[in-house]
Amino acid sequence: MAEKNNPDTMGRVLELLEQRLAGRRVIRYMAGTEVMEVSAEEFFDRIRKRACVLTARGLGGKHIGIMGRNSCEWLVNFCAIFRAGAVGVLLDRELDPEVIAELAVRVNLAAILYDHSTEERVLQADVPRMLQKIAMDGSGDGEYLRRDLPAALECEPGPEEMACIFFTSGTTVKSKAVMMSARAMAASVCTNVNSRHFEALLAVMPFHHLAGFVTVMNALYLGAEVCIAEDLKYFYRYLTYMKPDYAFLVPSMLQMLARKLKNGGLYGSRLGWNLKLIDCGGAVFCAEFLQMLLDHGITIMQGYGASEAGGIGFFWEMTPDRPDTIGKPPAGLEVKIIDGEMFLRSESVMMGYYDDPEETAKVLHDGWYATGDLCREDEEGYLYLTGRRKNLIILSNGENVSPEEIETKLKLCCEDIEEIMVGVEGSLITAHVFPHVPPGSSESGMERIRNEVRRAVEQYNDQSPVYKQVRKLYFLDKPFTKNTAGKIIRKSYDRGNIDDRSGS
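The sequence shown: position 297 = 297 (the working numbering), numbered continuously.
Quick caveat, the hints were computed from the structure, so don't treat them as lab data. Ideal Cβ placement from N, Cα and C applies to all residues, glycine included. Don't take each hint at face value.
Pairs of lysine-lysine, DSSO-like flavour, derived with a Cα cap of 27 Å [stated by the list, open to error]:
#: 1; residue 1: K390; residue 2: K487
#: 2; residue 1: K478; residue 2: K390
#: 3; residue 1: K482; residue 2: K260
#: 4; residue 1: K262; residue 2: K243
#: 5; residue 1: K328; residue 2: K487
Each pair of labels, with its calculated beta carbon distance range [what the hints assert, rightly or not]:
#: 6; residue 1: T386; residue 2: Y234; range: 42 to 50 Å
#: 7; residue 1: A361; residue 2: E199; range: 42 to 50 Å
#: 8; residue 1: E143; residue 2: T386; range: 54 to 62 Å
#: 9; residue 1: S427; residue 2: D321; range: 34 to 42 Å
#: 10; residue 1: P128; residue 2: D339; range: 39 to 47 Å
#: 11; residue 1: E380; residue 2: D462; range: 22 to 30 Å
#: 12; residue 1: S427; residue 2: D366; range: 36 to 44 Å
Input sequences plus hints: build the corresponding full structure.
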C-alpha cells in the first residue's frame, strides 16, 4: 500500500530503498542456466559509483539517453542518472541510427548510455560531436575511475523540476516526448503500487517503457525481489530457474502461457514454476479462460494506466463474473468522464510534452490529463474501457463505432481468437482475425476453428444494432505487427495494407 510522506524525488526514493532493503537480495538474473544474485549493498554501491562517474564526465544536470536490453546494468545506469542530478531519457532499444540522431538533437542529449545489443547502432548514429557515447558496463570509464570522484552527490533536482523524458510510441521521430517531474516519478514508484503480496517479480516489460521501469521500482518499494528477463525466448527457463511468483505480461504472452498449461494438462508446480500472480495490461479474456487460470492457481490482475499519467495506475483482480472491467480507481488517483473520455489526475501526471506547448494544451487541463480512452462507469462504480477516441470509426450515417468495443465483445465469447482488429470498408464494419491454430493442425481442424470464430461473429451480430454489426470477416495467416509493448500498430493496417488474408 502507498504510504504517507512518501519521498518526492527519485534520489530520495533510492535512499529509502537502500535503507529498507539492507542485507537483502534484490536482483536476480540468468547467465546461461546459472542464477546470478545481486545484494542491496552491491546494487546501490554500483549506482553511487556510476553516478560519480557521470558527474565527473560533466553530465550532472544534463539530458542522458539510455538504450539497451533489460539488465541489472540498465537499472544501475538509469538510477545513477537520477543520483547524478541529470535527466534520464528512455530510448527504445530497437531505434535505428537515423532516429537516434534525430531524437538526440530534439531533446538535447549530452550523452547516450548503450549496451552490447545497441552498441553498433548508437556508434553509427550521426549525432553532434560533443555528445558522449558511453558503454553501460563502464569499459570506457578508466580515466574517470582514477580521479578523485566526489564523495557525495548534491545536485539533485527539486521535486517540480524535470527528471525524465520518454517517447510515447516506439521507434519513429514523430513520437511525442513526455516530461516527468521528479515528484511525478517518485509518485509513480511509491503510489501506483500493486496491493497484492508477492515475493519476486519477473521483469518482462521493456525498461524503456515507463511502466516497465516503474513496475521494477514498485517491486523493490514493496520489499520484493526483481528477476530480470533479458531475452523472452528464455521465458520458461526464467519461470523454472528463478521461480518468480509475479509477472507483468502482455496479452499475447499470457495466452501462450495459458495454452501451454491447458494443452499439456500441467500445473505450473509440476513444471517447477511458482507463478501465482500475473498483471496483464489492457487485456480482455473470456470467463472460461480466466477460470482455467484460476484452476491452475494463477490470479490475473488488470493493470491499466496511461504513460503520461505515470504508467500503471489501476490494479484490479480479474474474475470470471467481471472479466472486462479495469476496476475502481485506487487511492490517490482521481477519475472523471467527460463526453465518454476518461480524464486522470494524480501526482504522477506528466509536466507536458517537451518543447511542444500546443500538444500539451490539448491534453492537460488544470492538472487533469485527457487519456483519449473512451470509458463508461456502471452503477457500482466499476469502470470499463470501450476504445480510443482516435480510433473511432465515424460512419456515413453519423454513427460512431469503437473498434475496441467490438473486439472486446468478440474475444469475450470466443477463445479461438488470438488477435483481432476491427475496421471499416466503405460503410461496412470489418474484422480481421488471426485465429489460434495449434501446431500441426489439419485443414479440417483449422476449418473447425474458423467456424467457431464465424459463430462468435454471428452471435455478436444478433445482439448488436445494425450499424455495429460485422459485415466482412477476414482470416489472417500471420499475426499483426506490434510495437515493443506488444500492441498492434493499427495505422500500419489500412484497408489496402493487409495481405495474407482470406475472406469469409
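Now for the hints, and whether the structure bears them out:
1. K390 - K487: Since the Cα atoms of K390 and K487 sit roughly 15 Å apart, the hinted pair holds (cutoff 27 Å).
2. K478 - K390: Holds. K478 to K390 sits at ~26 Å (cutoff 27 Å).
3. K482 - K260: 22 Å, holds
4. K262 - K243: Roughly 20 Å between the alpha carbons, so the hint for K262 and K243 holds.
5. K328 - K487: 24 Å, holds
6. T386 - Y234: 42 to 50 Å: 37 Å, violated
7. A361 - E199: 42 to 50 Å: Since A361 and E199 have Cβ atoms about 45 Å apart, the given range 42 to 50 Å holds.
8. E143 - T386: 54 to 62 Å: 57 Å Cβ-Cβ, so the 54 to 62 Å window holds.
9. S427 - D321: 34 to 42 Å: 36 Å, holds
10. P128 - D339: 39 to 47 Å: 44 Å, holds
11. E380 - D462: 22 to 30 Å: 27 Å, holds
12. S427 - D366: 36 to 44 Å: About 39 Å separates the Cβ atoms of S427 and D366, which means 36 to 44 Å holds.
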